[in-house]
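K.L.:
Going down the list, the sequences are from chains X and B.
Sequential numbering from 1 applies to the first sequence in my numbering.
Sequential numbering from 1 applies to the second sequence in my numbering.
Misleading hints may appear alongside valid ones.
Identical copies carry no separate label here, and so any pair may be met within one copy or between two of them.
Said to hold, decoys possible - Simulated pairs of lysine to aspartate or glutamate, EDC-like, Cα-Cα distance not exceeding 16 Å:
1. K3 <-> E121
2. K269 <-> E7
3. K334 <-> E121
4. K306 <-> D185
5. K3 <-> E119
6. K4 <-> E266
7. K264 <-> E7
8. K3 <-> E263
9. K269 <-> E11
10. K3 <-> E265
11. K145 <-> E386
12. K342 <-> D152
13. K305 <-> E217
14. K297 <-> E27
15. K3 <-> E118
16. K4 <-> E118
17. K151 <-> E313
Quick caveat, the hints were computed from the structure, so don't treat them as lab data.
Below, each chain spelled out in residue letters.
Number of protein chains: 2
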Amino acid sequence: MNKKMVEVGSEGSPIRNAHNAALAEEEQLDTGRVYDLTLGNPSIPCPVEVTEALKKLINEVDPIELHSYTHWCGDLRARHAVAQYLNDTYQAGVSMEYVYMSVGAAASITISLHALVEEGEEVLVFTPYFSEYVPWVEKAGAVFKEVPTNKDFLPDEKLLRERITKNTRVLLMNSPNNPTGAFYDEEVIKMISKVLLEKSKEYGQPIYLLSDEPYRELLYDGEEYPFITRFYPYSVVCYSFSKSLSLPGERVGYIVIGDNNPEKEELFKAITGAGRALGFICVNSLFQKMLPLVISKTSDLSIYKKNRDFLVENLRRIGYQIVEPKGAFYIFLKALEEDAAKFAYRARDYHLYLVPSDHFGVKGYVRLAYCLDEDTIHQSISAFEELYESYQ
Amino acid sequence: MNKKMVEVGSEGSPIRNAHNAALAEEEQLDTGRVYDLTLGNPSIPCPVEVTEALKKLINEVDPIELHSYTHWCGDLRARHAVAQYLNDTYQAGVSMEYVYMSVGAAASITISLHALVEEGEEVLVFTPYFSEYVPWVEKAGAVFKEVPTNKDFLPDEKLLRERITKNTRVLLMNSPNNPTGAFYDEEVIKMISKVLLEKSKEYGQPIYLLSDEPYRELLYDGEEYPFITRFYPYSVVCYSFSKSLSLPGERVGYIVIGDNNPEKEELFKAITGAGRALGFICVNSLFQKMLPLVISKTSDLSIYKKNRDFLVENLRRIGYQIVEPKGAFYIFLKALEEDAAKFAYRARDYHLYLVPSDHFGVKGYVRLAYCLDEDTIHQSISAFEELYESYQ
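Produce the complete structure using the sequences and hints provided.
P.N.:
What follows is the structure, given as structure tokens:
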């Protein structure tokens, strides 16, 4: 048996573990007063167009065709729709030939990592980061290397530059960020691109920018999303429709590389090769066929902004320290004691379930996922108040 | 970039490559006289109950619940339905706790391999074998080792025994077999179990039997399927609903281990660990929720038997050498010249698209996939006749 896989399976995802604890209390209590702020599971329904498209396909398309294997890089119409949408929306400069459909962001990232790195090369990740990056990077045979960010959880030029070595092959970034909600605007992306270009030149081979973008549409203050292929040619974009269409369980996403990538042909072969070798045959056909019918839609994301505004205002009022998140649906809250795990554990006394930050690569914080209905969010404030008071 | 992944992506699947050649001729010709016998894509619709279940779920279930993440080992009701079905049908002796839902047989096999083997250990595979086993085994860091079969493509006790070493960790088998249609009955399974038990004892650690079973229901002569957990405790069953429910593009399957497996707890952790590390989050939620409603159904598989009977009779009449397949939807035909690739290429002159056997681990054969409508199968016979005559 593979010892490392036993270990990865035994520890489980820290997010899932906290969520399971919340579920266990919910089963015991009948009061409905459990505030499960652990899971990034959208709390709003998919757009009605998604439901209509699914019905239409099931009613009208021959079932043999509807449920058959698609091309292993994805259904041609889905790939076309993705490329067209990205070009129309972000002037991304991409072609359908270099769109690879994948079963969500996780698969997009693992496939890209296996395609990009050789055993022992380094993958850099800004802290704090999504906890699952660690097993994904390590399974690809790469060395996971942290790059600290500034006090607003934003990349810092000097710190980034210092961490890059001749073995660095990939910088994996995530904006809007899980777990902090930080957003990397055009200025940040230009800084990152400049550093990577310089360092690629210095070491004589490209350092790839791998961008994990499931929260791309979840931006609350009118910012424009700087699509990275426009700024840096050695870019790989990993996307999932989990959050924008509220379809996390359906596992639909893609990998795309820009037309300006000088290695695009070889890289795309490596991506299809990695997808093949890892056992990803194709993405579920029904949902791929749905995509062209709904590609420009999103769920009604306004509740997330309302929840953010409410929580930022009220948590600060209580006395908690937070950096206002610009996107995604997380708040990274400074714990009221040094040990974040202890703080998260104490929060359970008030029926609050939070994820301690240790597994996100920093100490002393907890992550709140505010993708919940407004009532639950509003009611949770008294629990946060009691928790705060217990420390005074 | 990862050189090995570029290579795996460049060669592509030999089956897909032959299929693409058929598509290219179909696009050029307007005659409809292209016989594409390359792809194992079911030619019959899913059971009507599948369509009804999908409609019911979309119409009646809250979309947030319907499309949400399921438990990372699978939706509890789907896992329960699988275990119950296997116990009722095969007296499998399995529990839902050890059912892991996966996106089809490919993912089931790669996850199981990554869970079972350490770098450099050996995975044994009977020849001929499904070509994709090679990249899957190699990506898991294992050594791919062939075990020849007898003239009927059935396992041979002496040959199996000879190939097992102290480094052998897994025997990967596939019955009914792709590409030969061979079926391993109870006697064969008992022989394999006996050899593996003896060798496990000799080397002081279990050799696992990994069984790839997407064709389990496609058996044409009334045989009973010997479910391997009943015969050998160190078994892992990999299944997909692709063929039995004609849903190849929807990617729904599972891994299951028997209650009699002394290592089941640790192994299941390794399976969940491998699934996590490889980026498989969960199986598409809609189709998991559909499963309990249709678990005992199959498509109308009778056409495959008709096609088999027709082809066996007529290909033999023409003069071709074949071993009658007992299951699946493939015939493994002796090529009329030494070089199977040349033979398959020559067949294209008669608009016949076949997959040469070299990538299945043996020389001198081609694989015919007869999961096509009856008319196409009937019409193809004249092309097979012309091809045969061209060699006389």
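K.L.:
Hints first: check each against the structure and report whether it holds.
P.N.:
Hints and how they fare:
In the homo-oligomer, the alpha carbons of K3 and E121 lie at most 16 Å apart only across protomers (13 Å), although the nearest pairing inside one protomer, at 22 Å, exceeds that limit. For the identical chains of this complex, K269 and E7 are inter-copy neighbours only, at 8 Å across copies versus 32 Å inside a copy, given an alpha-carbon limit of 16 Å. Proximity of K334 and E121 under a CA criterion of 16 Å is satisfied in neither setting, with 33 Å inside one chain copy and 47 Å between copies. Proximity of K306 to D185 under the C-alpha cut-off of 16 Å is found in neither arrangement, the shortest distances being 22 Å within a copy and 63 Å between copies.
Within a single copy, K3 and E119 get their C-alpha atoms only as close as 18 Å, which misses the 16 Å cut-off; across copies the closest is 11 Å, which meets it. With identical chains, the CA atoms of K4 and E266 are at most 16 Å apart between copies only, with a shortest distance of 12 Å across copies and 31 Å within one. Proximity of K264 to E7 under the C-alpha cut-off of 16 Å is restricted to the inter-copy arrangement: shortest distance 15 Å between copies versus 36 Å within a copy. For the identical chains of this complex, K3 and E263 are inter-copy neighbours only, at 13 Å across copies versus 36 Å inside a copy, given an alpha-carbon limit of 16 Å.
In this assembly of identical chains, K269 and E11 lie within 16 Å of each other by CA distance solely across copies; the values are 9 Å between and 34 Å within a copy. Taking the shortest Cα distances, K3 and E265 sit within 16 Å of each other only across copies (13 Å), while inside one copy they are farther apart (36 Å). For a Cα distance limit of 16 Å, the shortest separation of K145 from E386 qualifies neither inside one copy, at 38 Å, nor across copies, at 63 Å. For the identical chains of this complex, K342 and D152 are neighbours neither inside a copy (24 Å) nor across copies (64 Å), given an alpha-carbon limit of 16 Å.
Taking the closest pair of Cα atoms, K305 and E217 come within 16 Å of each other only inside a single copy of the chain (12 Å); across copies the shortest separation is 51 Å, beyond that limit. Taking CA atoms no more than 16 Å apart as the test, K297 paired with E27 passes in neither setting, with 36 Å inside one copy and 34 Å between copies. In the homo-oligomer, the alpha carbons of K3 and E118 lie at most 16 Å apart only across protomers (8 Å), although the nearest pairing inside one protomer, at 22 Å, exceeds that limit. In the homo-oligomer, the alpha carbons of K4 and E118 lie at most 16 Å apart only across protomers (9 Å), although the nearest pairing inside one protomer, at 19 Å, exceeds that limit.
Proximity of K151 and E313 under a CA criterion of 16 Å is satisfied in neither setting, with 19 Å inside one chain copy and 76 Å between copies.
Violation of the numbered hints given earlier is confined to hints 3, 4, 11, 12, 14 and 17; the remaining hints are satisfied by the structure.
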